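Using the supplied hints, reconstruct the complex from the two chains, each of which is provided in its own coordinate frame.
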Amino acid sequence: SAVISQKPSRDICQRGTSLTIQCQVDSQVTMMFWYRQQPGQSLTLIATANQGSEATYESGFVIDKFPISRPNLTFSTLTVSNMSPEDSSIYLCSVEEPRGSPFTFGSGTRLTVV
Amino acid sequence: LAKTTQPISMDSYEGQEVNITCSHNNIATNDYITWYQQFPSQGPRFIIQGYKTKVTNEVASLFIPADRKSSTLSLPRVSLSDTAVYYCLVGDPQGGKLIFGQGTELSVKP
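In order, the protein sequence lines correspond to chains E and V.
Heads up: the first sequence begins at 1 in the working numbering, then just goes up one per residue.
Heads up: the second sequence begins at 115 in the working numbering, then just goes up one per residue.
With the rest of the complex left out, here is chain V (with noise of 0.2 Å):
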């Protein structure tokens, strides 16, 4: 599986949009990214997964540039509630298992 280096910490002020972008080097023709949302005493939570280009959900986006060598999740306008960690994951989604990272944990602030 694809190994992937993302900031370890970010801080943001509310009403502002939030790059978290994400290397990836080694990923491999079958590999999708997913970015996962994780807060205090919760499992993890899925937000989004693309393969190439960009992809938008009601939650975020997501930009893979061509070589897809990294990734990009956009959070717009977060709030204090965004306040998380985020991990991008890299794999074949018909693969059977999620490896981890270390996650970027983003503060929100006021």
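Here chain E stands alone, though its shape is the one from the complex (with noise of 0.2 Å):
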């Protein structure tokens, strides 16, 4: 299965700023995925990321607060803009290779926005 590495695992932001996540999978893969999941709770697909078109978002999420993209078949990044405390989460990017295979999760990245 794929192996995937996204950074940063955790950080601090002040509210107001944005940060970008990055997720570097070591094969080429056709969609990646992005999840959030908020304390204590189970994860929710922001958006399915495919290489050379825009993002599919999913109801409750918009480009525009989640930028997301996707250069190339192995690599992706996930903006989250203009931060608030609610945004405190951990968000994971997924793939699933080859399709129809068990999905593969990155660690994570552990945001706190204070």
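Simulated from the structure, these hints should not be mistaken for lab results.
Model, not experiment: these values are computed from the prediction.
The C-beta atom is built at its ideal place from N, Cα and C for all residues, glycine as well.
Check each hint, because a few of them may be wrong.
[To be verified] FRET-style restraints, in silico, Cβ to Cβ:
| no. | chain 1 | residue 1 | chain 2 | residue 2 | range |
| --- | --- | --- | --- | --- | --- |
| 1 | E | Ser18 | V | Ile122 | 32 to 42 Å |
| 2 | V | Tyr127 | E | Thr17 | 44 to 54 Å |
| 3 | E | Thr17 | V | Val173 | 39 to 49 Å |
| 4 | V | Thr167 | E | Thr79 | 24 to 34 Å |
| 5 | E | Ile12 | V | Thr197 | 35 to 45 Å |
| 6 | V | Asn171 | E | Asp26 | 40 to 50 Å |
| 7 | E | Ile12 | V | Gly209 | 31 to 41 Å |
| 8 | E | Thr112 | V | Phe160 | 41 to 51 Å |
| 9 | V | Thr197 | E | Val114 | 26 to 36 Å |
| 10 | V | Ser137 | E | Ser27 | 28 to 38 Å |
So, in structure tokens, the structure goes:
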């Protein structure tokens, strides 16, 4: 299965600023997925990122708040913009490679907004 | 995607067998049942997947009755290191995304 490197592993940020999270995969993958896990909660899918096209966002998530880049088949970034304390969560990227196989997750980015 | 219902939490002791049941009454014909495990400060990790009857691997067994409206994850002889959150997911493996339910927080005590 694919190996995912996600960074930063954690960060503490001031409200009103933005943070970009990087996700690097050791193989080429068609789709990459970004999740949010709020404290004590399950995972919520933010968006699906395909290379060469705009990300597809789930209900409740918008591009202005969570812009995503997917410049190639091994890399993606998620930016959390204009942060507020409510954005304090763990953000995880995930891939499914090959298609139909179990998903692999990164170790997550623990974000605290103060 | 079929919605799942599982207990919020379970307690067990080392050496016991743990069975976590998941209900998925609206499972579709093409849906598979997949279980993931998540330790604190880590991303979820795949445990087992099945379509019907019984599947077993080195970590767990998955029991699925004929009507497929529920499934049971069985962990034999748990240890303290099995303390984690276990998620039951139902969907078409070709569906392209995973939707997580609430999960079951398993606490294994000495």
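Going through the hints against the structure:
One distance hint, 32 to 42 Å for the beta-carbon pair Ser18 of chain E and Ile122 of chain V, holds here, with the actual separation near 35 Å. Between Tyr127 of chain V and Thr17 of chain E the beta carbons are some 47 Å apart, a value that agrees with the proposed interval 44 to 54 Å. Distance hint check: the CB atoms of Thr17 of chain E and Val173 of chain V are about 42 Å apart, consistent with the given range 39 to 49 Å. Range check, Thr167 of chain V to Thr79 of chain E: about 45 Å between beta-carbon atoms, so the 24 to 34 Å window is missed.
Under the hint 35 to 45 Å, the C-beta atoms of Ile12 of chain E and Thr197 of chain V, about 27 Å apart, miss the expected range. With their beta carbons about 24 Å apart, Asn171 of chain V and Asp26 of chain E fall outside the hinted range of 40 to 50 Å. At roughly 36 Å, the beta carbons of Ile12 of chain E and Gly209 of chain V sit within the given window of 31 to 41 Å. Checked against the hint of 41 to 51 Å, the pair Thr112 of chain E and Phe160 of chain V fails, with Cβ atoms roughly 29 Å apart.
Separated by about 30 Å at the C-beta atoms, Thr197 of chain V and Val114 of chain E satisfy the suggested range of 26 to 36 Å. Restraint check, Ser137 of chain V to Ser27 of chain E: a C-beta distance of roughly 36 Å satisfies the suggested window 28 to 38 Å.
The structure is inconsistent with the numbered hints 4, 5, 6, 8, although it conforms to all the rest.
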